[in-house]
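With the hints as extra help, turn the sequences into a complete structure.
Protein chains in written order, with the working numbering: chain A, 66 to 495; chain B, 66 to 495.
Among the hints, a few may not be true.
Below, a list of computed lysine-lysine pairs in the DSS-like style, where the Cα atoms sit at most 30 Å apart [said to hold, decoys possible]:
1) A:Lys473 <-> B:Lys415
2) A:Lys354 <-> B:Lys354
3) A:Lys136 <-> A:Lys397
Keep in mind the hints are simulated off the structure, nothing from the lab.
As the structure is a computational prediction, the values presented were derived from the model and not from experiment.
Protein chains: 2
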Amino acid sequence: MDKRYSKIGGDLKMKKNIFYAQSGGVTPVINATAAGLIDALSKNKSFFGKLLVGKNGIAGALNEELIDISKENKSELKKLIHTPGGAFGSCRIKLKDPVKNKKEFQRILDVFKAHNIGYFFYNGGGDSQDTTLKISNYCKANGYNVNCIGLPKTIDNDLPITDNCPGFGSVAKYIAVSTYEASLDVASMANSSTKVFILEVMGRHAGWLAASAGVIKNGINTPPHIILFPEVVFDQKKFLARVKDTVRKCGYCVIVASEGIKDNKNNFIAASDSKDSFGHAHLGGVAPKLADMITNKLKHKVHWAVSDYLQRAARHVASDVDVKQAYAIGYKALSFAKSQINGVMLTINKKNTSTYQWDVGTAKLSDVANIEKILPKSFITEDKFGITSKCKKYIENLIKGENYPPYKNGLPEYAKLKHPLVKKNLKKFN
Amino acid sequence: MDKRYSKIGGDLKMKKNIFYAQSGGVTPVINATAAGLIDALSKNKSFFGKLLVGKNGIAGALNEELIDISKENKSELKKLIHTPGGAFGSCRIKLKDPVKNKKEFQRILDVFKAHNIGYFFYNGGGDSQDTTLKISNYCKANGYNVNCIGLPKTIDNDLPITDNCPGFGSVAKYIAVSTYEASLDVASMANSSTKVFILEVMGRHAGWLAASAGVIKNGINTPPHIILFPEVVFDQKKFLARVKDTVRKCGYCVIVASEGIKDNKNNFIAASDSKDSFGHAHLGGVAPKLADMITNKLKHKVHWAVSDYLQRAARHVASDVDVKQAYAIGYKALSFAKSQINGVMLTINKKNTSTYQWDVGTAKLSDVANIEKILPKSFITEDKFGITSKCKKYIENLIKGENYPPYKNGLPEYAKLKHPLVKKNLKKFN
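Shown next as structure tokens:
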């Protein structure tokens, strides 16, 4: 039988191709989702056509730069499951409103048509789910049949409905382990040297990552002594009083701060005097700002770290649960697509069991797009400086198990892809 | 036979106790040296007395706070080999000159006498080797027989004579792996977002740690594109030109910077306007300073990380070679002590073999104390922004092999010690 066709319900139909793209800030496990998709496709070759991947996310559709997975080196593709970053390139592109300006959406539709795309998987966070929904609606309104499915991914863990987001568990584990290790360091030096250590972690609006440091706490005076959440207004006086008290009681103080903490005038603590080309204040780092406060007011020696991309790329200390969930999202995407489901985001659904178990479900894109799930009040302690046991349990489930990449000569063996593109059929898009 | 005595050459002699202490900035593997010492002692009980450990380094001797290892929980001691930080407390204490002010040295001698110390192992860097030498000389001049042996430890890798320093290999591995991972992250985002990533690493005077990022480079346009060493005068114009050129050619630029880089007036780039109580400029972080330069002059979006204590405590990604060397230093210390060697620091000696092999040797403390080994010229490329293949080979040997701590419920199981102290025999020291 011609490989371009499949037999469905007795009829011979031209097989539709899949378009997959990575979007937004990358994670240690977003490529595991791609790996799941690739593995599932290898078992469904009779139903689906080719897997084409957007080079640099949705920009790949706009520019008609579609990576032909079948031309990539197979042994490198096998490494995707343990490779951090976005192996095909990701993007931070906000598409224009399709009602006011349909040019970009029409272009995407044109590219879908030109490459016989019947399935669109967009792997991203809240903004990306909104894009997926808009593309789904635009195609439907224009009579083009394509199943659009959002694949969740964000270290921020701020997507609604899904119990958690692939990417979060591994970064949470990195932050928990790093805070534990740095706490042992400062504890050993505090007698004659550094008394305060501050770790700045990501999270502009939601404090899930800062919260994850709390899983190492196992007693009232143990680290981390202070967690600063974006959900809680930063009060310098209360903060300094707590630092002072902690050093007095424990000999040292470990602080984990979200980059996005704000004062009572809604200004970022990290805002620097300089502004970017849009007039937005540059965020200059929360940790050095807090360190200055403590040095000036309390005269303690302070050390601080900003983990930035190190946390978001730390595949070397990934959570096994997280890797398995990210992979399952990609793998299951094909089954959902096969049953012609459209306009949904896949979700991780925690089962109602005594030990942690989960499966993959769906949520309507319209219920997901542009909604941010912040830390619930019941997850933050009454004094606002820590997490509750409910929060601890939630995060502990997601950091379980170690999933190490293979190493060669002391370094991880991460995938090196070549991004072979399919032939363009359309004119250049401006 | 009375346990306090040993039979040496037919004579019955009172067994001498060992005093061990950790000093200076801690490392991911300094406790592996303690583990080696403890294991060796368990096989030499007929020769040595008790192992007493200084609480908070040499402060433990001054304050007569000596931890009795035999009273610690055995299963926790077993975890020392994979526990970062200084499990007994370390210190940053510079003893006064024994010629001008002998009070502190006399106190240490008094404590040694009061606790029957015959062996002193001091686990530290350059300053600590100097302390060990001074204590050795003071005891000898005062007719007290004690074998003083320095055990090398420093992530800075700046001790002379020894081929390398325990602690360096693991932090080098952390920096190499982290730079690799963050490079994949920025490479995937560069098309529409961050173009430059800066990682700040430790190293005030010696660039060994910054150099270690260079082991991931495998081609002229691959990351890290720029390494900034404290051995090279920082030239802003040349630096910005190189960043600009790299972004043009590669699409993104990864920079690894030593905290200690200085301009041509010998001022730290990281110096902030604020000063500490001694009038020293606070080091405010090199990475944000460099980021400001690039944002202002080149208008690129920049991300930056400061790994600080995270690097120094990162036992979760330790080098197997490093762990083995740190352990061997502790284990072999007892054999050297048994043969009554005094006034030496143990060294790692690279063997003259085709594959990397090493053993433990000795160097006179007087040849080691207060000498800093910086990066040799032959290890830095001609353009001063990278490492040579000779340097790469040197570091590759030291990051080989993975040595993971055991985990429970998603977190490493690190030792929790109780620090039971022996009874004090002396008056309080002021």
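For the pair supplied as a hint, Lys473 (chain A) and Lys415 (chain B), confirm whether the alpha-carbon distance does not exceed 30 Å. Distance of about 22 Å is within 30 Å: holds.
Regarding the pair Lys354 (chain A) and Lys354 (chain B), is the alpha-carbon distance no greater than 30 Å? With a Cα-Cα distance of about 14 Å, the restraint between Lys354 (chain A) and Lys354 (chain B) holds, given a limit of 30 Å.
Holds or violated: Lys136 (chain A) to Lys397 (chain A), with C-alpha atoms at most 30 Å apart: Judged against 30 Å, a Cα distance of about 23 Å means the pair holds.
Violated hints: none; the structure is consistent with every hint.
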